[in-house]
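Chemist: Protein chains in written order, with my numbering: chain H, -19 to 282; chain S, 1417 to 1763.
Please note that a few of the clues may not be correct.
Keeping only pairs whose Cα atoms sit at most 27 Å apart, straight-line, the calculated DSS-like set for lysine-lysine is [said to hold, decoys possible]: (1) S:Lys1763 / H:Lys232; (2) H:Lys33 / S:Lys1576; (3) H:Lys232 / S:Lys1609; (4) S:Lys1576 / H:Lys232; (5) S:Lys1484 / H:Lys232; (6) S:Lys1744 / H:Lys33; (7) H:Lys33 / S:Lys1679; (8) S:Lys1619 / S:Lys1560; (9) H:Lys33 / S:Lys1560; (10) S:Lys1749 / H:Lys232; (11) H:Lys232 / S:Lys1619; (12) H:Lys33 / S:Lys1484; (13) H:Lys232 / S:Lys1516; (14) S:Lys1749 / S:Lys1484; (15) S:Lys1619 / S:Lys1679; (16) S:Lys1609 / S:Lys1763.
Hints were generated in silico from the structure; no laboratory data involved.
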Amino acid sequence: MSTPRQLAERRQLLRRLGLIAPGMAMLAVFLVAPLAIMLLVSFLQPGEYGGVKWGEYSAEAYISFFYERDFDDNLVFNTDYLGIFQRSFWLAVATTVGCLLIGFPTALYLALQSEKKRNLLLFLVTVPFWTNLLVRVYAWMLLLRNGGLVDGALGVFGVPEGSVGLLYSSGAVMIGLLYSFLPFMVLPIYTSLEKLDWRLVEAAFDLGANRWQALKRVILPLALPGMLAGATLVFIPALGNYIIPELLGGGKALMIGNLVQLQFGSGHNWPLGAALAFSLFSLVLLALLFNGLRQRGQEVRA
Amino acid sequence: MIRRTPLALSVVLALGLSGAAQAAGSLNFANWSDYYPPELLKKFEADTGIKATLDAYDSNETLLAKLKAGGGNYDVVVPSDSFIQIMVQEDLLQKFDKSKLPNLANLAPTFQKLDFDPGHDYSVPYLWGTTGYSYDSAQVPGGKLDESWGPFFAPPAELKGKVVALNSMDDLFPPAAFYLGIDRCTEDPQEVKKIMELLSQQKDMLAMYNSDGTIERMAAGEVAMHQQWNGAFHRAKEQRDSLVYVYPKEGISTFIDNFVIPKGATNVEEAHVFINWMMQPENIAAASNFAKYNNAIAGAEKFMDKALFDDPAINTPQDKLERLRSFKLCSPKALALRTKVWTKLKK
Chain H
-19 MSTPRQLAER RQLLRRLGLI APGMAMLAVF LVAPLAIMLL VSFLQPGEYG GVKWGEYSAE
41 AYISFFYERD FDDNLVFNTD YLGIFQRSFW LAVATTVGCL LIGFPTALYL ALQSEKKRNL
101 LLFLVTVPFW TNLLVRVYAW MLLLRNGGLV DGALGVFGVP EGSVGLLYSS GAVMIGLLYS
161 FLPFMVLPIY TSLEKLDWRL VEAAFDLGAN RWQALKRVIL PLALPGMLAG ATLVFIPALG
221 NYIIPELLGG GKALMIGNLV QLQFGSGHNW PLGAALAFSL FSLVLLALLF NGLRQRGQEV
281 RA
Chain S
1417 MIRRTPLALS VVLALGLSGA AQAAGSLNFA NWSDYYPPEL LKKFEADTGI KATLDAYDSN
1477 ETLLAKLKAG GGNYDVVVPS DSFIQIMVQE DLLQKFDKSK LPNLANLAPT FQKLDFDPGH
1537 DYSVPYLWGT TGYSYDSAQV PGGKLDESWG PFFAPPAELK GKVVALNSMD DLFPPAAFYL
1597 GIDRCTEDPQ EVKKIMELLS QQKDMLAMYN SDGTIERMAA GEVAMHQQWN GAFHRAKEQR
1657 DSLVYVYPKE GISTFIDNFV IPKGATNVEE AHVFINWMMQ PENIAAASNF AKYNNAIAGA
1717 EKFMDKALFD DPAINTPQDK LERLRSFKLC SPKALALRTK VWTKLKK
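Construct the entire structure; sequences and hints are all you get.
Modeler: Quick look at the structure:
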């Protein structure tokens, strides 16, 4: 016999389940299912000219990530893919650091403006999102190419035209990544600075802190959650970015994104492509997990 | 190979011309974007009374994926030579009823029998071209280079950083094999290693690997040498007269895009009418004049633009015909070695 109280609890539980069901269904259809398919593909045999052989399982894709037969038929440790991952990793790190260095002062400046001016400036930060990324990258190609605006401006300072070769270099990729991801850094930092209680800064000054100390001991720690959120938002998409290295880089060095595309395209090796994508995914997941655990640890301490 | 055209243009083509409803006596035609003159389709409608629509796609891979998914509802599509055998193996194409294609007799002798479809059972050529390289005679030492892949794979020291290769291993691997006298479909790791060494030496001399913007780079004189498709070369030369196109004596890859009828086509009768109509010299010549690539129909030269037909890069001279190498489908093992070379080259 259930008491009325138990019945009410059960009803409430059912209602809760019903309310979260749409959200869970969406996650299942748009997140779990595609990932499951990708995981399955990574454990299949490649088809002869693209596609996979359904039902023929193999861990070959993951093994070939680390080991390969070289041209002399020796089984050797394969550094090619790890090298490409490493390059992408450092490029993403550099992008994140660059975005932090430019993004934090920008956000601080924004937060210190009057409300009216602040809204206008915030609006300006989001304006680039109105245009497709591809169009903006093409605009950079026009700016950076030999004989373009930047090259011409350098010419004014006596640098001979076309000698720098800005476009199709890792520098151009860096500029493109910084430009595309900067708003993702500015906005979260701004959000945490906006909530900041400026009386704390005044208190710091009253207690004898100079401007630098107030920034370092009060503002930076309070902006840290925003900086971490921004770093995550920049680092992860930068790590897997495909179109910017493809268009702005000289095609001389592969990034993870291009490598995955190669396997699904003319490489005809879908399992390897899926395995590479999955390895990238696991790395990102680990980083997020680590970040989450650290934050929880801080909360517990607090 | 992906031939990109301005995005806006393909969108306009795709949106503007694909919307028409399917009626009796209609034809759904899909082609590479910016590769078929819309006016020619109007002429076809006027000549035959068949209502035709044009859709666009951007790569063979896209087309293959569409056909595999059973989608598209296309009656005629235009895959490249490299995909014909794969599509036949995957059972995606219909066999022609050759009694409805009397104009097959118009094919020029070179194209009567092609390795990838010897009897024209599934495909007939639309336009074709070559993947050679071009140089700017005003920028290379001496103003003239050997008719060989040598100057491209081992450029003179003055040209360091002024040479561009196409950014696709399927475009770059075969000429390297031709140059070294190795079978382009080799499965021998030692031979592949030699190709790898040649390509990594060349990499130090290159400005970049890039398949986009070849016309602009050569026309502006930004670089001195560029691996290039002959149609792109023709357009670049219109803007810069000092450009020269090379048919290397070791061999040069051709690419042929072909009309085929997908398995799922609904208007099979109309598809045959269309393909047969396209094999009439005056019609295929209009397509050549639009896309700046040569066709495979004898007698079409009378209707082609003189500037186009007189360009040796487009209309291959008789004495260089034996240098042309038509597409060969390599084994998965050979292709896996190619991918390996590409990854190692760019690791």
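Chemist: Indicate, hint by hint, whether the structure satisfies it.
Modeler: So, going through the hints one by one against the coordinates:
1. Between lysine 1763 of chain S and lysine 232 of chain H the alpha-carbon distance is near 9 Å, which keeps this suggested pair within the 27 Å criterion.
2. For the hint linking lysine 33 of chain H to lysine 1576 of chain S, the alpha-carbon distance of about 45 Å lies beyond 27 Å, and the restraint is violated.
3. Only pairs whose Cα atoms come within 27 Å are accepted, and lysine 232 of chain H paired with lysine 1609 of chain S is accepted, the gap being roughly 19 Å.
4. Only pairs whose Cα atoms come within 27 Å are accepted, and lysine 1576 of chain S paired with lysine 232 of chain H is accepted, the gap being roughly 15 Å.
5. Between lysine 1484 of chain S and lysine 232 of chain H the CA atoms are separated by roughly 33 Å; this puts the pair beyond 27 Å, and the hint is violated.
6. Distance check on the hinted pair: lysine 1744 of chain S and lysine 33 of chain H sit about 24 Å apart at the alpha-carbon level, within 27 Å; holds.
7. Only pairs whose Cα atoms come within 27 Å are accepted, and lysine 33 of chain H paired with lysine 1679 of chain S is accepted, the gap being roughly 22 Å.
8. Using a Cα cut-off of 27 Å, the hinted pair lysine 1619 of chain S and lysine 1560 of chain S holds, with the two alpha carbons roughly 22 Å apart.
9. In summary, the hint linking lysine 33 of chain H to lysine 1560 of chain S is not supported, as the alpha carbons are separated by about 51 Å, beyond the 27 Å threshold.
10. With a CA separation close to 25 Å, the supplied pair lysine 1749 of chain S and lysine 232 of chain H stays within the 27 Å bound.
11. With a C-alpha separation of about 8 Å, the suggested pairing of lysine 232 of chain H with lysine 1619 of chain S holds against the 27 Å cut-off.
12. For the given pair, lysine 33 of chain H sits about 15 Å from lysine 1484 of chain S by alpha-carbon distance, which is consistent with the 27 Å threshold.
13. A threshold of 27 Å between alpha carbons decides the hint, and for lysine 232 of chain H with lysine 1516 of chain S the separation of about 49 Å lies outside it, so the pair is violated.
14. A distance of roughly 23 Å separates the Cα atoms of lysine 1749 of chain S and lysine 1484 of chain S; the hinted pair therefore holds under the 27 Å criterion.
15. With a C-alpha separation of about 43 Å, the suggested pairing of lysine 1619 of chain S with lysine 1679 of chain S is violated against the 27 Å cut-off.
16. This hinted pair checks out: lysine 1609 of chain S and lysine 1763 of chain S have alpha carbons roughly 16 Å apart, not beyond 27 Å.
Violated hints, listed in ascending order, are 2, 5, 9, 13, 15; each of the other numbered hints is respected by the structure.
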